[in-house]
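Just so you know, the protein sequences line up as chains A and B, in that order. The first sequence begins at 0 in numbering that gives the first Met the number 0 and counts up by one. The second sequence begins at 0 in numbering that gives the first Met the number 0 and counts up by one.
Certain hints may be false.
[Unchecked claim] From the structure, some residues in chain A lie toward chain B, with a derived Cβ separation under 7 Å:
| no. | residue |
| --- | --- |
| 1 | His128 |
| 2 | Ile291 |
| 3 | Asp292 |
| 4 | Pro307 |
| 5 | Lys312 |
| 6 | Ser500 |
These are calculated hints, taken from the structure and not from any lab test. For each residue, glycine too, the CB sits at the ideal point set by N, CA and C.
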Amino acid sequence: MPKLYTGAEIVFKCLEEQKVSHIFGYPGGAVLPIYDELKNHTSIKHILVRHEQGAGHAAEGYARSSGKPGVVLVTSGPGATNVVTALTDAYMDSVPLVCISGQVPTHLIGTDAFQECDTTGITRPCTKHNWLVKDIKDLQRVMYEAFEVATTGRPGPVLVDIPKDIQFAKTKYVSLKKEKKIEIKNKNRFNQKDIDQLIELMNKASKPIFYTGGGVINSGPKASELLRELVALTGFPITSTLQGLGSYPGEDNQFLGMLGMHGTFEANNAMHDCDLLINIGARFDDRITGKIDEFSPKSKKVHIDIDPSSINKIIKVDLAIVGDVTDVIKLTTKTLKRKNLNLEKSNKQKISKWWQQIQKWRTKQSLNFINSDKIIKPQHAVQRLYELTKNQDTFITTEVGQHQMWAAQHYKFNKPNRWMTSGGLGTMGYGLPAAIGVQVANPNKLVIDVAGEASILMTMQEISTAIQYNLPIKIFILNNQYMGMVRQWQELLHEKNYSESYSEALPDFVKLAEAYGCVGIRAENPDELDEKIEEMISVDKPVIFDCLVDQAENCFPMIPSGKPHNQMLLGPKDQEENKITGKGKALV
Amino acid sequence: MPKSKSAYSTPTKVSKLETHIIVVWVANEASVLSRVVGLFSGRGYNIESLAVAEVDQKNNLSRITIVTTGTPEVIEQIVLQLKKLVPVHKVGNFKRDDKNVIFKEMALFKVVGNSIKINKALNACKNYNPVILDQTKKSAVIQITALRREIDKMAKNLKSHGLISVSRTGAVAMTRGAEIFN
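Chain B extracted, bound-state conformation (with noise of 0.2 Å):
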């Protein structure tokens, strides 16, 4: 082994990764946005998707939800550190295959092609409540709510049936049941 030449520890063995869903409520204040996703930056942190906006206009806050995938050590720190900034108010976090959790990503498909081709991606959709959102003779956008990997599945799929040009939001995530996260 040649020997290292600097006095930083080289990495050690690294842990399984996991995918999460961390949900944060923050003082909708100038800025917040800024300091959640700069403390992802800053130490590494990776953000696979991220859903922001104003859940509760009295109390002037709003809902980040983010999917980010680590070691659970890095995880941990997440959470940690989020709860560190002075705007955080609480922070929730899910692992994405929680049972008692529902994530739900938004796609927007706009689709060319005549009036068959456009059935025919409609029926592709048919399992992720699809909404026909705007339609002309030779086109239309369809809405679809789903998970990420079936929006992915779509994207792909609806390439033959004429997608041009597709829109997607972050997930958005809720608890099952009557209770509520505190």
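The shape of chain A in the complex, shown without the other chains (with noise of 0.2 Å):
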């Protein structure tokens, strides 16, 4: 007779067989017996978070930053009800995460059990699927399902239910790389034809834009390095989304910038004004597009994902490729390399006067801000960060709202996996559980959570859980006591009134660091803030920066209201010309 094992058991051989190291997790009654299981499981580790959310969210930077799956464990009822929010957030942002959470014992479900809620019934719609376990034989089948399904195609987050009966239930394991892999539908959907398609538009182009997001990232680090391959054999400019920084040197003159609501005036202007928009692993967000009509007017446009539901979702294109990014570019150079093309040099000449225009736009430099000698500026404090920082390997996560948009703005990316931002759901409380995550997966490297006050005190607790792991996170936190992105929209469109955009009370964010028992660091003034920085760098524990900047200040460029990109609200100096009034006038 066959050994038999216990649902607990199978959970953590499941998650043995898929090398999992790590879990972020809260306990609780319905999940008792797996946390019972725990201490028999030595090459798991279980990170005990102060909230699910955070949980959620940990497990998302360990997922971005290390390109494995981020596994979340929770108990039923107000357990799954507070992961929800991750949940949806890895949905919008494609994270591979697999939850579990427990469940009342099943001849309970549907009595309005204690801590009972319909688990698979409220994370439908934010997960690519979810499984109510209502029979132990399933168990294994359908963990091995969860995790191909968060990692396989456009990757997203999943959830198993998992009864406290069927947790003690038991039942035989079969090592499942012996049976028959289960059918998974296949990504790639593009042949030779529409390669060929695109390297002849690529050839006709005279304005060509590579426009590249976070799919790059999801597809690998193997995805970047063809991308800069790909962008260096075709000399064409590329701008890429907040998701997809990093996967093609911030710093490189082919590089544009960010684009969308908060990007450069040069990428903004590149894309309306080309004539061939390649979009490799993007989705045409409402942030990057502005006005839909009069979205990149002039182009052909290509569309490159791995999620055929993204292509001609929002913006009708010319031609579409399914596939993984990876192999679409890996295709594409090998075909033009075949061809000789040599299109680096014959398109230099085609290309040049586009390459013209865009140095035009450039001296704009939209990105530039009035600097102060007496207040610290929030633009300046993260180029001060990048310029400190820029030497060691870096992991920046953020929380949402201004500071973010100026952390992607004056941040310079090198490398993948090195930006964690919330953008498709823009959860504020995001980046201090995703600098959680990110430590963990990467033990020895600077963590850093560029934060504003009012998101931080959203997830402020899991501050714990970085001490009770000995987790030297940085959490930088732009201080200007107001929601400033809401302060900004109420400025810009709703005549300056400042409808509860303000924290009248605020903690003493040194004297909360030393409560919970990390080190506080404050700086005040611009002269101070380079030597504050260094000495936060410095110390090998969790320290909250409370960075006090400008509270008047905005983040520009902008693209305004139902406005199209080469509309765009530049900064102070720009503004007297568009009629906005206020703060940034008196600046010019």
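Two chains, two frames, some hints: make the complex.
Dropping the structure here:
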């Protein structure tokens, strides 16, 4: 007779088979059998968070910085509902997560039992797929499928809901490698003809641009290498979405910076005026396109994406290539080389006018701001942070708001998987727990959460997790006492009615850091900024850095409401012409 | 024009609405219907009618037939989004005016009245394969199969013939000829 294993044992055996080394979780009544089993599996380390949302974001940070799926373990009822925000966030940003939730015993399901909720019902719209395991015999297959679904195609979160009696029930366990592989939908649906068409378009173009997104990062580090080769080979300019930053070196001359609502003047104008737009792994999000009718009106559009439903969802394209970015770029480069088109040289001539135009846009220096020697400008703080950390392999997470955009604009990324931010869902409170996950996956690296004082308070409790596991994350708060992006929109769009966007009561972040048992540092003026940042980097402990910045600063450039790419609002210098009054005007 | 106060773009020109029949073959497992229906409600698609039942016990397959209205772009999205669902095996998409596809709905009418009235009702249904499923001295249950608009019309017309209750299904569809949809 084969050995019988409990459901809890099977969960761990499956995790071991998937080579899971860390899980992020929080115990509770309905997952106790699984927690009881934890001690018997030393290769799996459990990170105890302070709130299940934190577990979800930490797993996201772990996944995005390591390329491996993040694993979350929570209890039934509130445990599951608390993780919903993180699951939705992961769904929007295509992050592979496997969430295991406890559930009340099967005979109590549907009776409004203590800590019962319809977990699979609640998480259905925010996962790629979910399962309620009602029979112990299904558990192993479901666990296997869960990892398969989360990590293949366009990645995303999945949830496995396991009732407590199933965790106790016993069955046999067969290593699945021997079993026949479960059928997975094929991801590549392109062929040589599509690539030939793409190359023909590239050949004809005189104003081409690459517009790359998170799909390049999700496709793995190889995709970024191949992208660099392709961009060099073609000589085309390249811009990136918020999620794609790092797939191409931020300081390279062919890189136009980020595009979209707070993208650079040159990137957005190039998108508007180009005659060939090659979208690689991005999804024409509304923060990117601006007004749809006037989006890149003169261009042929190519869309390379692993998810067929992304194609023609928002922008109708001329050529769709459905496949993994790595495979598509590889074949494109190979074909380019074989045809020996020598694009690099022949193109240089053809697109030199295009580059001249781009240079003209660049002279606008749209990321410029008016610096001050009395008060710390938030952009200046990010720039200094970059200058003082660029010599080491630094991982940046962010919360959501102005600070996030300033980080995206002024921190330059040279490698993929170094930039973790909540783009799709825009979850305030993402950055701190995400930084924990990043630090867990990258133990000896510098991990900084560029934060706002409002966002950070949403998941502040997780600093306690960082201390428990000696994770020396740095929380770099750009403190302007406002929900800055809300304040900015109220200033620009709602006649300066600053309704509820000012935090009248804030904690003393330095004392708060001390209360949690980590280090608090405050910078109040530009003179001490560098020194304080260096101090922060040198401390081998979690640090909360309270950087007091200009309260009135707005994030520019900006594509205002319902405007196309070529009608950007630039910084304070430009505002007078656009008849925007306010503090920005006083600065001119 | 008043200044827009939103950073979201305003809705732009909308193309013409079309009615389509979407046929979805799914694994017959718990909550699969809710996944399909949830996709429609969650993304703001519209369901005019829905019919679902297991069609292949051995392979555990159900066939869902959904009548929906949307712009061509929306219909394309519906099909692509459905294909992404894990339990979905294949998706068929037909225009309602496609001559190669048969669409049928079934309705049950309860008519109350004397035999003259009932006969009148039955006669009115004669083009839609009427079947009497139950008959008493003063009532009858008539089954018809027809198109949606025909059933709409009958449900209206039979009111004067003693119709007191209507029960109807969503449309089911099948292609004409020997070919099957793959």
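Self-check item: Residue hint A/Ser500, partner chain B, criterion CB-CB below 7 Å
Solution: It is violated, given that the least Cβ distance between A/Ser500 and chain B is near 15 Å, above 7 Å.
Self-check item: Hint validity - A/Ile291 Cβ closer than 7 Å to any chain B Cβ
Solution: holds, 6 Å
Quiz item: Does the CB of A/His128 sit less than 7 Å away from some CB of chain B?
Solution: holds, 4 Å
Self-check item: A/Pro307 as chain B interface residue, shortest Cβ-Cβ below 7 Å
Solution: Check passed: Cβ of A/Pro307 comes within 5 Å of chain B, closer than 7 Å.
Quiz item: How about A/Lys312: closest beta carbon in chain B under 7 Å, or not?
Solution: A/Lys312 check passes; min Cβ-Cβ to chain B is 6 Å, inside 7 Å.
Quiz item: Can we keep the A/Asp292 interface hint, with Cβ of chain B closer than 7 Å?
Solution: With Cβ-Cβ at 5 Å, under 7 Å, it holds.
When held up to the earlier numbered hints, the structure conflicts with hint 6 and nothing else.
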